[in-house]
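Protein chains in written order, with this note's numbering: chain W, 1 to 391; chain X, 1 to 391; chain Z, 1 to 391; chain L, 1 to 391.
Hint data in this document are derived by calculation from the structure and do not stem from the laboratory. Wrong hints could be hidden among the right ones.
Stated by the list, open to error - Partner residues are not named here, just some residues of chain X that face chain L (Cβ under 10 angstroms, in silico):
# : residue
1 : Ala300
2 : Ala385
3 : Val387
Stated by the list, open to error - Across the chosen pairs, the derived CB separations fall in these ranges:
# : chain 1 : residue 1 : chain 2 : residue 2 : range
4 : L       : Gly383    : Z       : Ala163    : 46 to 54 angstroms
5 : Z       : Lys189    : X       : Arg240    : 31 to 39 angstroms
6 : Z       : Ala163    : X       : Ala79     : 33 to 41 angstroms
7 : Z       : Ala124    : L       : Arg348    : 51 to 59 angstroms
8 : X       : Ala185    : W       : Ala61     : 48 to 56 angstroms
Beta carbons: idealized from backbone N, C-alpha and C, even for Gly.
Number of protein chains: 4
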Amino acid sequence: MTIGGRGDEAARPLRLGMVGGGPGAFIGAVHRMAARLDGQFALVAGCFSADPARGRETGAALGLDPARVYPDFAAMARAEGRRPDGIQVVAIVTPNHLHAPVVRAFLGRGIDIICDKPLTATLAQARRLAASAGRAGVLVVLTHNYSAHPMVRHARAMVAAGALGAIRLVQAEYAQDWLAEPLEAGGHKQALWRTDPAQAGSGGALGDIGTHAFHLAGFVTGLAAEALAADLHRFVPGRRLDDNAHVMLRYAGGAKGMLWASQVATGCQNALRLRVYGTAGGLEWDQEAPDRLWFAPRAAPRQLITRAGPGAGPEAARASRLPAGHPEGYLEAFATLYAEAATAIRARRAGLPSDPASALPGIAEGVAGLAFVDACVRSSARGGAWVRLQP
Amino acid sequence: MTIGGRGDEAARPLRLGMVGGGPGAFIGAVHRMAARLDGQFALVAGCFSADPARGRETGAALGLDPARVYPDFAAMARAEGRRPDGIQVVAIVTPNHLHAPVVRAFLGRGIDIICDKPLTATLAQARRLAASAGRAGVLVVLTHNYSAHPMVRHARAMVAAGALGAIRLVQAEYAQDWLAEPLEAGGHKQALWRTDPAQAGSGGALGDIGTHAFHLAGFVTGLAAEALAADLHRFVPGRRLDDNAHVMLRYAGGAKGMLWASQVATGCQNALRLRVYGTAGGLEWDQEAPDRLWFAPRAAPRQLITRAGPGAGPEAARASRLPAGHPEGYLEAFATLYAEAATAIRARRAGLPSDPASALPGIAEGVAGLAFVDACVRSSARGGAWVRLQP
Amino acid sequence: MTIGGRGDEAARPLRLGMVGGGPGAFIGAVHRMAARLDGQFALVAGCFSADPARGRETGAALGLDPARVYPDFAAMARAEGRRPDGIQVVAIVTPNHLHAPVVRAFLGRGIDIICDKPLTATLAQARRLAASAGRAGVLVVLTHNYSAHPMVRHARAMVAAGALGAIRLVQAEYAQDWLAEPLEAGGHKQALWRTDPAQAGSGGALGDIGTHAFHLAGFVTGLAAEALAADLHRFVPGRRLDDNAHVMLRYAGGAKGMLWASQVATGCQNALRLRVYGTAGGLEWDQEAPDRLWFAPRAAPRQLITRAGPGAGPEAARASRLPAGHPEGYLEAFATLYAEAATAIRARRAGLPSDPASALPGIAEGVAGLAFVDACVRSSARGGAWVRLQP
Amino acid sequence: MTIGGRGDEAARPLRLGMVGGGPGAFIGAVHRMAARLDGQFALVAGCFSADPARGRETGAALGLDPARVYPDFAAMARAEGRRPDGIQVVAIVTPNHLHAPVVRAFLGRGIDIICDKPLTATLAQARRLAASAGRAGVLVVLTHNYSAHPMVRHARAMVAAGALGAIRLVQAEYAQDWLAEPLEAGGHKQALWRTDPAQAGSGGALGDIGTHAFHLAGFVTGLAAEALAADLHRFVPGRRLDDNAHVMLRYAGGAKGMLWASQVATGCQNALRLRVYGTAGGLEWDQEAPDRLWFAPRAAPRQLITRAGPGAGPEAARASRLPAGHPEGYLEAFATLYAEAATAIRARRAGLPSDPASALPGIAEGVAGLAFVDACVRSSARGGAWVRLQP
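Isolated chain W (complex conformation) (with noise of 0.2 angstroms):
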């Protein structure tokens, strides 16, 4: 009955913006939420949407000052950037395609930076962003959020420790329905933009769920996809990006993956799962019971791991707020990145060193993501046949 590691709170939050997250968006007010947990952040400037009006409008609702509510991001990259106590970290939430030129715009005024995945919306952004990034010097967080549960870092953990032994088998798969119908036809706005190439990429069930899968896979076992095999494909008449992805992987030292990502899979809510073989064990794990992790040592029986249980080690501790047993979820997984950037901000602006341990995903990962989009793109359009992913 002693509280996790987490859920530590600031003297001083640390001044935050927002650009996206306007009336009607999802991930917005997930990044708003994440934000207050932990107590580490004060929201105090906004381009909440391309509307002015329904800009302002949120901006009151969240009681923000009418001045730090800016129409275009350009604007308020100026403007804050200018202030003594202008935002320190801007958190962008847009479609897809306006990550590379927000990103851009607060990264020359040395603001630091939580980006929702995808980095960008083609492979070449990011690789252009990389390079921006690396000479600004500031942090650019990615919020690949699976990524934070207690669970999945004691996986990493036991995967770096050689409790698998060596990894044969890398199965990810995240399904959903909620595209099963062609909701963008009726002006569904999160399926609109997310089916629209102009803003989402050249992937669609791909960039939005697939590179959550594809990251989770390489953040726990460490290893590096080298070549696949893609059967992208549109199942709602109509579609213009694919709603189901079929993709085999072959990662360096000789592992071998599948991952299916899917977002017309009828029953499927959010099933982003996860399974690992090795030579000594095998682990598996699934976000919607993300508390738990399955544990297979060779010769001996499965045990199920729980957050803050026994057998949960520091990896664990630290990314949890609560007792075992007491479910923490979404919401705190995503929390805890923006903790975890807080503390890396703070250091950052301190002059220290960034943490070796870190595990916050960043420009790498975004790349990463990004190249995996592209060979999954490049494989179907040649009919499925293998491609190597483009370092």
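Given the coordinates of chain W, assemble chains X, Z and L onto it according to the supplied hints.
Chains X, Z and L in isolation, oriented as in the chain W frame:
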């Protein structure tokens, strides 16, 4: 992929104070996270510890004005009651025996109250407090947080709508194992006060978690317990309060129940579970997978209703923040009580009538909980004989 | 991929007779399948129905010699007892009130007995039968089939080996819903006799399934119940025997228990579940997933031990036919009792001593089951007061 | 509490012979238990081992007439074919490479055949056998036993009735771990022949369990695979056949699939799982909990349909022996194939037309399975390129 009903932010957060919740506390930090999640409260004052130095330390870590960090709760009530910017609501997170005096101190100053359960240490105290609170007219919210889970709200709505027919059976249990060893002998802070009759009252596991299970059963079914037989036991040598409670219940209207509360059930973490069976259907809910509710209609396949999924009704939606499949947990339910408290407090302060549909537990539920503890203790003292609950 | 220990065939099957099990019966067909699975028995005679025509019909469908299909069990006992190729063992699958007279008829002729539970309709009958059986020296096997599941055997071995430390808690339940409606009023054969005190005895759900749960709890823990308080109820209007039983138990040595048996728990099919918690660990087993056993060692992760998987011991292996992951179920456990009965019968007939490690339930377990029913009925008649079990 | 449709006994069992299934065999004992369960067969002859002494030993243990225990299958076919009381049906449970010659030996004598899968070791053999069997007119049943689970039958009926709408996705997997180590190097009998191309054919895990998963997918959906890309791999050093198969599939009509078969997935025991998603609903079935079927109708809560429970249709009932909640497993499904084979054999011998509703797998399914293995091997040999299945 649309977000649930909660997660709304407030332009002007309510001013919150806290009594209890210093270093080493569990529930104080939980209340603070819950208060922050939806942005409806700003913590501005506190009396965190009986040890003034430790209290100041907590206040500083939370970024409070040192002038508003008080060495005792009476001083805090006086000072805050006089300030024009004084707290509007106080969260009480002390050991049980202090609930009554602290509530009383703030009641008289028109400050609304959010109090952890059980309401008081004894039934007599609870009744006197009920009378005082009635006169004072402030809002008292008792944090039976499990009642705020979306699927618990949905279960209650289903029962009320007759989906189960006439209720026959109410099987409630709450099993933990953290007190399977004599932690109190080693000075474990949480264990110490919970096993001390002077601080906890006459119930051990019974008061700490049995009251949650009892409240949940009544909350979902709408039934009042009339009589019970209880076999309380202290399994751990030297323990001064029950660490296991076996109870049989008879409800008004003829339903029968069993309730099991244990803190020595090795391998159980926070296993609060309610099962209700009626003439037309059955419901099963497990706190460790709170986004799921089993509904078994008579002569039809079982259904698994999920938060924000198909079949989850408006009561669930109002207590929900995320799309289906994105787990919400303990903190989210706790935060829902806080958010609903904020709405109710604003309404009271604006002179509006209270919401008749409110599901917030308060004084009446607190008195009922103590009546349950009292009856169990009386029964057990008589060898497990049947006794009536005092109304 | 090696096969388990059971599944052994016999060159010379034992000659089996059956009393009961005519058209419309449930348990008779189960006994016949159980007897066939391992090839240790050949059914050669029977008295299947009180209605001779129906009995002959069943005999013919089973391919029996018409001369060995009898109109009454006394005639069958006489005739088979005299034949040189007469039956060596009889399976008794009648309603409960006939168990005692039928057992008695065959006892005297040196024919071994496999009898469905409960042993008799009343405790007095059971005691008299125990005395007679002791004198006759035949084997009486009581088909508490759940005790033959491999993981139940393993659980029992773990408790005996001290893996749980001192037992504190025994939570048993057996919930069904098939009598939630007054089926007996419609002439449903299974419901009719089970709800008729003249045929079933004084227990309804209590005798039919409560005795299974009670036996299972004692079988796994090795503990004897000393006292109990029972709240029996008939929920269905017009019913003549309990359809729900709530029981609190006190075991010798200080363990406490709860037992719930219900046939009106809407949505529950055959939910027999046992949970045992001791100072060193906990065990949980669910009949509806019988190949799995949860073991929670104190301060270590929970383990899921599976039949024929790692960690399952020799007691499980001896009761198992298939490799891990190939589900065995109800019939396999039942067949294990038959196969073990065959071994024991052959040993007895060869004049060998009985196996001290045998886990076969018999007369003693039958008397204990009736003592449980008797105590529950006495307690309930006194308003749920605590009573002692008669030894 | 009424018993299911199966479990019927026969006055006159069919005379059964067996080829294979000597000491140390797995599947031979399974076939014998399956043949016994419903009492439709009497084993009267056999050729159990290539080693005559071991064969005689098995025959004696089974109580067979020594004159009908043969040293080679050709002699057995000749002798039994001539006896007036010769076998009516033969069960073939040898390693794969012997299926074709053994089938051929019995075909010609009008003896019906129950053959373990895969039908033969190569596609060419399977095609030739199909031609011979067509001419001979006997019944050939291929024991794809998983297709006989009641809930698999129900799933197939639901798809056929349109409950899923148009099928979009077919996700099949069959994961084991028993070959994660080089058991064949230690002389493990089951491992030896399964990893030997001369005995197993060209598929390892692919032929042993991949064919089950492939058959199950086609059985439930009614869809024919047209093309596939396969990445076969041998993870265990020195192994001569694949121990892991990753396959992507394209079905006629536009559905897409993934199939994973592995014998090196540490911690997986016999994890055969099928998930099918269509425009109107989804189905999920797991062999390790075979009495349950998940059905997710579009825009309604998921349902858990259980064997013999509400919502399970007549196809499930016909393959079922027990009331709901009484688990049936692997042997029961296997026995259902035997019982249905008995019915079909009796009909054929009586000159009746075959049942058009029969779900028994036979020659056509055997050829399809080999076509699958053949295509996977061709694809993998070309680096995982897409290839068409040969019809």
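Comparing the hints with the structure gives:
| no. | hint | in the structure |
| --- | --- | --- |
| 1 | Ala300 | holds, 5 angstroms |
| 2 | Ala385 | violated, 36 angstroms |
| 3 | Val387 | violated, 36 angstroms |
| 4 | L:Gly383 <-> Z:Ala163: 46 to 54 angstroms | holds, 52 angstroms |
| 5 | Z:Lys189 <-> X:Arg240: 31 to 39 angstroms | violated, 56 angstroms |
| 6 | Z:Ala163 <-> X:Ala79: 33 to 41 angstroms | violated, 58 angstroms |
| 7 | Z:Ala124 <-> L:Arg348: 51 to 59 angstroms | holds, 58 angstroms |
| 8 | X:Ala185 <-> W:Ala61: 48 to 56 angstroms | holds, 52 angstroms |
Hint compliance for this structure: hints 2, 3, 5, 6 are not met, and every other hint is.
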